[in-house]
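Student: These are the residues of each chain, in order.
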Amino acid sequence: MTLLDVAGLRTEFATPTRAVAAVDGLSFQLRPGEILGLVGESGSGKTVACRSLLRLLPSRRARIAAGTVMFENRDLMRLSEAEMRVVRGRDIAMIFQNPASHLDPVFTVGDLIAEPLIWHFGESRRAARKRAVELLRQVGIPDPAGQIERYPHQFSGGMKQRVMIAAALACEPKILLADEPTTALDVTVQAQILRLLLDLRDRTGLAIVLVTHDIGVVAETCDSVVVLYSGRVMECGGTQDVLTRPRHPYTRGLLDSLPTTAARGAELPSISGYPPPLDRLPQGCRFHPRCRFAIDRCRREPIELETVDDGHASACVRWREVMEVGP
Amino acid sequence: MAVSELHTPRRLAKLHERLGEPPRLVYIGAAAVAFWFVVAVFAPFIAPYDPIAQDLRTTLSPPSWAHPLGTDNFGRDVLSRIIFGTRLDLEMGILGVLFPFLIGITLGAFAGYFGGIVDTLLMRLLDVTIAFPYFVLVIAIIAILGPGVSSFYISVALVGWVSYARLVRAEMLVLREQDYVMACRALGFGHLRTMLRHMLPNAIIPAVVFSMTDVVIVILLGSSLSYLGLGAQPPTPEWGVMVADGQNFITRAWWITFFPGVAIVLAALSFSLFADGLAEWLGVQE
Amino acid sequence: MNDLLVDVRDLSVRYTLSRSFADLLRRKPGRELAAVDGAHLAIRKGEAVGLVGESGSGKSSLGRALLRLTPATGEVRFDGTDVLRQDRRSLLAYRKRAQMVFQDPLASLNPRFKVGEALAEVLRVHRLTRREEIPGRVAALLDTVGLDTEFADRRPRGLSGGQCQRVGIARALAVEPEFIIADEPVSALDLSIQAQILNLFLRLQREMQLTMLFISHDLGVVHHLCQRVAVMYLGRIVEEGPADEIFYHPKHPYTQSLVEAMPRVEFPKGRRELPRLEGEPPSPADKPPGCAFHPRCPHVMDACRQDPPPSIRRVGAAATACHLYPETEKA
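Chains as they are written, first to last, in our numbering: chain A, 1 to 327; chain B, 328 to 613; chain C, 614 to 944.
Okay, chain A solo, but in the shape it has when bound (with noise of 0.2 angstroms):
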């Protein structure tokens, strides 16, 4: 059974000359209970994919072009600003990197937690405050009672990030989009917000997409991925099938960079070069002027995702190559 199911996904900036795109043809399935990593660079669409599923744009200059996004039999593209109100917060909610400056500073976080309830339910204040409590509590929060009554700004980052959660899941959101919720958050302190996310899914069966640069919280925490760059897909499948067995050159030289694989002090295969800039995108398949398996194929024409194996696709042609090199 398919909870969220994206088609095709494209997300247009408006440029002074043209229309470029942020994310092209991004197309995953989610089930419940499933937590699914969108990973990729900066600059490779990944915030913006996620932003788009709530179409919750940055700027007036973005669009949504094209793609489906079907929840519950119902197209989130096609519905009205107020159907779509209705499924932000309540269906799907979202939580940020920085919950700093996504936590409302003059309420208390108990309102902060009550809101969305009467805003989406008509609950009474009073019921919920109580709930409120009860949703620290599930988040980990030590004393749920005594602190409702406190400001974000009296929260450590950790515990800000807890907080954001909490009003996130008010509602009892089907699926929760992630947007690099521990990036600025120390290692140990990640650690329990992972752990936190774990725990909730296999208590409640939420629905987790987990945008992310980090492949070791992809490896730690997703049960598929689809790593993306420069806004196009370029693998997708199983968290371990895709992180022991890449098939794209792109995805085994993410994880050719990382400084544990290697053996101490010896040079580390990296991918030469850097991401092109948007509106300056290579002909072909994107990743070709860094990919040492490119071939003439790749500098004329994109390369479609292609099934490699059961639930897994590459967008390569030389996908059995790479595979062939790998460890």
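Think of the hints as simulated: they come from the structure by calculation, not from any bench. Hints may be right or wrong, so weigh each one.
[To be verified] Derived EDC-like pairs: lysine to aspartate or glutamate, alpha-carbon spacing no greater than 20 angstroms straight-line:
id, chain 1, residue 1, chain 2, residue 2
1, C, K727, B, E607
2, C, K709, B, D506
3, C, K709, C, D766
4, C, K900, C, E873
5, C, K727, C, D717
6, C, K658, C, D761
Chain A is fixed; fit chains B and C onto it per the hints.
Tutor: Just chains B and C now, with coordinates in the frame of chain A:
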């Protein structure tokens, strides 16, 4: 050195290269400002009459072909007086800004860079200065020094530096925390090099933009003081003086006061346009 | 050990917190915050030492104190002379021998200066190169860090993060230093770019026998690059030793939890339990009594709550400051 370099064409060309095409407002403003400079420089060629030559046969004559903006009570041509007045008014506007600008950015840079006791002393001095209303303080200083244009420059410099010092100090405080300033220290660069070459050019932009607005304020101030008899003295052609002289005849000969007033407004508008354009181009919030 | 290049003894960096006006009137002394609290660290010639810690651990303050970019007390001996007590002239000479690479590649470059101008200025200030040879030397520096000569005419704003960081490294190398302090030089970079820069550091170390202090929050990066690693928590070095020892056999409970918390690409997982370390580091202005780590420590004992941990001492191949390892234990 760094300051003067900022104004050379080479630097401006670099500015252009870095910031891209300036908005149209900059060109319009620059053209308007340039107009007044042309008028000031070529005054003897443009003006139809001698600005102080009296002609008692044509006193208080209304605008006509011979005297497009009329004549005053001494029969002097109002247009010629306005044209020559441009010289003094521009000079007051520019020098009246230049001195406070130089004093302000120097003090502000030192205070922001070194902090500590230097900063504390400067800020107290600044507090004392702004505790008095601007206009009152300027008049008080002129009263001590005696009326005249040089007193005007001195008093404006003593009072006007505070705005520049504050702007530059605030920028320097932000820049001081930047990694590249830390890098300057790590690289063994001296205080003056770090401050003048690396920080000041980045800290000065808001002050430059403000100085354009300030020209407007100072021109108005200069005219007002002359009107009060504390600035330029008659018979020097100066817009404020002309307005003052004309007011006795306001019911019979409106043109004597009206046209110099228009000149003041237009000049102020020109600099203000230019300031707005610069602010937009350089991304400064006022 | 006469091959010691940097010897840090009992180094502390204290900041005074700003006082409120009322406190000033009451003549209450300003509260002090010890960002670094009595750190000892020794770096041998040609060695790369990693300094690891989370935010607020004081690792950056320590790095800056070594270059006298922030006031500090204690001793920093560089090749035998105490850097903290040098006069201006010898300080300038010291900065010819010790350099720094910064975290934010773009912010560490003056936006007004072209890359070539920025490098040339360093050469001029230190009178390292004859005027006519400067362009050649700039080109050589750019080549060392893997940038084309044409970058000399570019401005920082037109460069990517990785390119900026290469320029930052070239600028540090311009004075031909023996010792480089790199403060989180790759944490702002994407993974593939990070790998390129790490390779560059490895090459520089190999080819120029640079001595390095590499500051990072990422234990994996530090382990890859450095021969020895020191771990900081709330201003103190809690463990120090050979990189492999720290990475594979950490002794201090904090180091253990750092290693455990590192997300890894390892399969099969069998759902490896993510570590159970609770809580977050408190503010350095508000340190717990006893051992600063005790509120989060899974092995906490009574002694930890009351007594500060013993000074750092050898445990096996490494050294640690922890009540768990009593004085009697010898390697």
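Student: So, for every hint listed, does it hold in this structure?
Tutor: Going through the hints against the structure:
1. Proposed proximity of K727 (chain C) and E607 (chain B) is contradicted: the alpha carbons are some 24 angstroms apart, above 20 angstroms.
2. Of the supplied pair hints, the one linking K709 (chain C) and D506 (chain B) holds, its CA atoms being roughly 19 angstroms apart against a limit of 20 angstroms.
3. Distance check on the hinted pair: K709 (chain C) and D766 (chain C) sit about 25 angstroms apart at the alpha-carbon level, beyond 20 angstroms; violated.
4. Pair hint K900 (chain C) plus E873 (chain C) does not hold up; C-alpha atoms about 24 angstroms apart against a cutoff of 20 angstroms.
5. A C-alpha spacing of about 18 angstroms is found between K727 (chain C) and D717 (chain C), which places the hinted pair at or below 20 angstroms, so the restraint holds.
6. The straight-line distance between the Cα atoms of K658 (chain C) and D761 (chain C) is roughly 31 angstroms, outside the 20 angstroms bound, and the hint therefore fails.
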